[in-house]
Amino acid sequence: MSTHHPFRLLGVALEARASGALWHEESRLLVVSDLHLGRSERLARRGGALLPPYETRETLARLDGEIEATRPARVICLGDSFDDLAAVGSLDEAERLWLARLMAGRDWVWIEGNHDAGPVEIGGSHRAEVGLGPLVLRHIPQAGAVGELAGHFHPKVVLAGRSHRAFLIDGARAILPAFGAYTGGMRPDDPALAGLMAPGGLAVLTGARAIPVPLAPLRR
Amino acid sequence: MPALPPRLTDWFAVQGWTLHPHQMEMLSRTDEAATLLIAPTGGGKTLAGFLPSLAELGETPAAGLHTLYVSPLKALTADIRRNLGRPVEGAGLKIRIEDRTGDTSTHTRRRQRADPPHILLTTPESLALMLSYEDAPRLFGGLRRAVVDELHALAESKRGDQLMLGISRLKALAPGLRVVGLSATVEDPPALARYLAPAGCGVLVADPGPDPDITMLDTDEAPPWAGGGGRYAIPAILEEIRRHRTTLIFHNTRAQAELFFRDLWLANEDNLPVAIHHGSLAREQRQKVEAAMAEGALRAVVCTGTLDLGIDWGDVDLVIQVGAPKNVKRLVQRIGRANHRYNAPSKALILPANRWEVVECQAALAAVRERDLDGEPRGRGPRDVLCQHILARACAGPFLAEELYLEVLGAGPYSDLTRAEFDACLDFAATGGYALRAYDRWQRLKQTGGHWHLRDPRAASVIRQNLGTIVGTETLSVRLRGRGLPLGEVEEDFAATLTPGDTFLIGGEVVRFDGLRELTVEVSRAPGRAPKVAVFNGTKFSTSTLLTHRIMGMLQQERWPELPAHTARWLALQRELSRLPSPDRLLCESFPHDGYEHLCIYGFAGRNGQQTLGLLITKQMEAMGLAPLGFVATDYATLIWGLEPVVDAAPLFDATTLREGLEHWLAGNAVMKRTFRNSAIIAGLIERNNQGRRKTGRQASFSSDILYDTLRRHDPGHLMLQITREEALRGLVDFGRVEDMLARTGGRIDLLRLSRLTPLAAPLFLEPGKVPVEGAGRERLVAATAERLMAEAGLG
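Heads up: the protein sequence lines correspond to chains H and S, in order. Using UniProt numbering, the letters of the first sequence map in sequence onto residues 1 to 220. Using UniProt numbering, the letters of the second sequence map in sequence onto residues 1 to 796.
Since the hints were made in silico from the structure, they are not lab data. You may find that some hints are simply not true.
What the hints assert, rightly or not - Residues from chain S that face chain H, not an exhaustive set, calculated with beta carbons under 7 angstroms: (1) Glu59; (2) Tyr434; (3) Ala435; (4) Asp440; (5) Trp452; (6) His549; (7) Phe765.
Stated by the list, open to error - Partial pick of chain S residues on the chain H-facing surface, computed with a CB cut under 8 angstroms: (8) Thr431; (9) Trp442; (10) Arg458; (11) Ser461; (12) Leu707; (13) Pro716; (14) Gly717; (15) Leu751; (16) Leu752; (17) Leu754; (18) Ser755; (19) Leu789.
Said to hold, decoys possible - Sample of chain S residues with no beta-carbon within 10 angstroms of chain H, all distances over it, derived: (20) Pro5; (21) Gly64; (22) Glu240; (23) Ser415; (24) Gln447; (25) Glu522; (26) Gly684; (27) Arg713; (28) Val782.
Predicted model only: the values in this text are computed from it and were never measured. Using N, Cα and C, we set each Cβ at its ideal position, and we do this for glycine too.
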């Protein structure tokens, strides 16, 4: 039991961290998925509920902690980093400065997601996919793909009566949990996920520690 | 005193009806601005409430809405329409009476708004909705009278608070409106009168009638050690059904009613016509039962609280209450369902579901005989309901803050609301009320030229969809596959546990789960299979202070001649193996069982108080390294399990530490989060349903728990957190009763270390509603479970 779970995908050594971030030691790369920054603002703009508008700083604080802990050379945000493109503009000054400070001195990539398709104007490069050796990083996993790091589904697993955000890992891909504060989740037995992951896969629970469990008994 | 239409008095005479004294008295109080009538069930309360309206309307009334009648139940409005329709139609009066509830078709609702009846029968939720439309001033401008039925029941929940705000709004729309409240027997009539009309309200108390004929049902078989449902007594109950015309069998929860009905049906060899009725059944099913009941075609109906309130059905001559009634008032009201005739004694049997309830039932019977009614004083009107009222008011059109504030003060529960409190609610409705004014641009309400209005008029439909103060768990409808016949509803959490092939009980029949199609659970009939039990999150009442004190008194007796032998023996065994709790000491038992260590605390602080005690004590235990895993609370005790034994209880019960603990603890626990969720839905922070966006249980939306944590960290003074705290302290937390318990026992704590579980602790192991404790113990368990699964999969 520890702060991370090491695993290999097509021979590439990776770590699923307890925070929900993925670490590639060799290239000092930190990957986070589904930040959904500006989510409450977007709901308010669309005339929905006025949720507590603090989730952006909540998410940035956790990201700051991970960057502090790992000192990455490169950060890849694996899509749906912003709840929509207008949410980028709605960040307040303090949040922009905070994000700029996190981005300073390192390579920063925004991978496009279904929520944030266009390029963003706050620095960093914007890509549809990024390669990492034999692996490819993209937002939505593709059926049949091999060697894939993806997000999009916000996997969640219930174990011993408690719900945990979780990585889902098999021989072909790893799906990262959502890193953003206000995000729901999808259970691994949901048809959308069940079809993607091989029966022999693992779920790595996040939270205080990274805890691996086999995927099979979590499905019914 | 206005006279009744001669055709009506003639019709009464032909029927042989004479008005009761309190009905006559209501007629003479026609011009009183507000009147509260308190009369026993069967006393013709409802007719008394309508007599002034019938007198004013006369034989050929002018068009327009004259009287609005509000009841807590849809079924009750339909029933009243029937019962009031009889004399009105019989006498040939041209008075139109219609009901308008959630079941009314959109077409009819639209027609009613354009061309309202003289008397409209509705519910608090439907009234709130009608008041939220722009045409409310036109619809209600000429209203003369409002009648609130079953006021005692409404006043126990936020539905009553919402209704009082609505009545206050009606008074503003229709100056000179007169209000009548109808209530069953209550312990403090003047307090209920102030609730209805703080500016002054006449009180009329009718003759309470003869003492009820109520006894405990004697059975050959002893009740089980634990559990509920009373199925052990089915042969005896069938015998009673045979001996009476129509029997109502009340249960405290829907799940119990379902199980009981199934077993009753299996044992029903004579094929007596019996039926089941509860709130989770499909409307069509319920209406069928209601119609059969009205025709006198049924010998018995198994039911829950949905039949608690004054529905006047056929010839009920026996009421059986299954399970302890938890409070004396409720028992008295249920007994009234039998023999629905004024001045005839009601006949009722009370059936304890387990040994503990034998004691509780006996205590309740003694209280009924002594006409000793329980009741807790009401708190101030909850502000989440006010937030919703403000949003709904904005849907109806622009308003001035000053005017709305004065209107709100006219509602009993809010009569002492300060302007600052009101402004905070208005600010919340407008901008979310956050310290960081993030949503000034996107606020829901804007002020233009002094008037507040919706920023985006389209928001009105979302606000209207979320009106109401009943926050249940989400439910899914259950239908027969292929034929699409609706059977009822199950809770989403329960539906999520089903896999195709599983069987469960609904509407008294066993069905097989075939699959989930959108928001519908598809099933097929599967008679004869052993079913799972659908978990209905029924209301959990706390046993009243009055009853728990009576029970503790009984436990002090040397012998229990009034109790059946089996229960007396059980108490004696507890006294022999451990000890019986006494009012001036706090008894705790510590014992190992089933691999875990247990601590049982007999605090008698009521279910919610015992739950709070559980939360506070487990927190102390966590700090002391005792690794608690969870607890469960009943009205009389809390059972805590964990990994380490408790050997010294005194440090756990230090009053100062508990009080300080309460403050810290209020911060982040499951009960607070549940309370927050409910208040957040009522106040409009979280949408309860947004068409098309609702997901099934497997893909939850963002969690209200995270909202709560975020708000607490970044905006601890936020209105929603204040509301949550107030709410929890008086409702789910009920710390007052914990303090009473600490004062009563004054640090005299007896911790008995025992080798095994005790007679009194045994029932707690079967209690539902276990609360997990998130701490070191749980971490240890998660880790162990994960390791075991890894090892089993050969991955360890």
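Check each numbered hint from earlier against the structure, then list the numbers of those it violates in ascending order. 1, 3, 4, 5, 6, 7, 11, 13, 14, 15, 16, 17, 18, 26, 27 and 28
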